Amino acid sequence: MLAKMRPGIRTTIEHRRGLSVNVNVILDQLRHIAATKNSGWRTLPPAAYSSEALYELEKSKIFKSGWVCVAREDQVPTAGDYLTVEVAGEPVMLVRDHDGELRALSNVCRHRWMRLCEDSGNTERLVCPYHAWTYRLDGSLQGAPEMSKTPGFDASQIALPRIRHEVWRGFVYVNIDGAAADLKPQLTDLEPMVESYGVDDWRVAHTVDCGEYPWDWKVMQDNGECYHHIGAHAETFERNYPARQIYTECSEAWLTTVSPCRKESLRTGDDGHGYAPGEFEPVDGLAEWQRESFFLIYVLPNFFIYLQPDYGLNMRVFPVSAGRIRMLVDVMLPPKNFEAPNFESGVKNIVDFFKRFNDEDVFVNSRVQTGLCSEFATPAPLSHLEEHNMHVAWWIASRLTTDGESAS
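In the numbering used here, the protein residues as written are 3 to 410.
Honestly, the hints are just simulated from the structure, not real lab data.
Label pairs and their in silico Cβ distance ranges:
1) GLU251 to GLY373: 27 to 37 Å
2) PRO381 to PRO163: 36 to 46 Å
3) HIS275 to THR380: 42 to 52 Å
With a Cα cut of at most 30 Å, we get these calculated DSSO-like pairs of lysine-lysine:
4) LYS338 to LYS186
5) LYS66 to LYS39
6) LYS357 to LYS265
7) LYS338 to LYS350
8) LYS265 to LYS350
9) LYS186 to LYS39
10) LYS338 to LYS357
11) LYS338 to LYS265
12) LYS186 to LYS63
13) LYS39 to LYS63
14) LYS61 to LYS186
15) LYS186 to LYS66
16) LYS39 to LYS61
Because the structure is a prediction, the values reported are computed rather than measured.
All C-beta atoms, glycine included, are put in the ideal place defined by N, C-alpha and C.
Given only the sequences and the hints, what does the whole structure look like? Please build it.
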């Protein structure tokens, strides 16, 4: 049992549990960031990364009321294919029905709340492992054993709730509360930058399930800047993609960062153009900046895509709690590169490279989560190379501080 302490004195344990700072104090700080559009170029307050009360607000005001990327459409290509994820604690299933329609459904049985499916697979029907209630692939109830004597029971009136979804460039997004503004208009200004890659037709060649990591989803978003090439990625990125060369563009719903490759590190393609290092034949028709750079796209709150001229990494981050995430990463290729003679070795090299730089990120992110719980942690000043962080802090603050919201 903790000893009594004077007002204002906090223990490390209390701080780690998000108990040391009242959430309304955090919200007051966020209101300032939102009102000034973070003109002071500061991080979020450290307590925002560990507060369970703030996380509850994030679930409702960001993850359930907005658009969250859950998969690629080609990961459920044929009838009966399904894939499951959790969006801020909400079990979600993508399934391809017998008519070829992609559906997003609640992954919770309508009887006694058992989660229906795990991971991914293919099935003729959805059968609850608890009491064998059976659903068609469109979510309608097909059978419920021993329910005929239940007063008022009508199987035709029972179905798995449908979850609103949109597909953008082959990426499947869900909106849990069904009330978000349409996704595609929010990404209109992004279209000219991705059109020539042709990512609509790219397919997933390999998925890395990274499991859970002990840091907050906002720490992961903060890590999206390329400034840390200088330190954390000195051996993986900085040697070819110097941090000082990056440039960032911010919009309401998305951010992009272009990281040009050093000229001496470019490879020469069959067309005579210089290309950033890679494993496969580059996509045709890219602009010079696309050929000679890697291109990062962030669609807030959980989606990153890392595009090279010949492949991409699709990273999806799902919060588990304050201070904990799950991450899935897909290696994506243009169709022609699935036929490349070095397909298997090329994909392996890409996965190995991802694991190398991800290990570097694991090292820093886990220690950032520990460090932000320090008694001496305060909002930090940002470099001009951290425009990403400046914008993300504003975006999060503005969504958590709309009128009429408080927590206790």
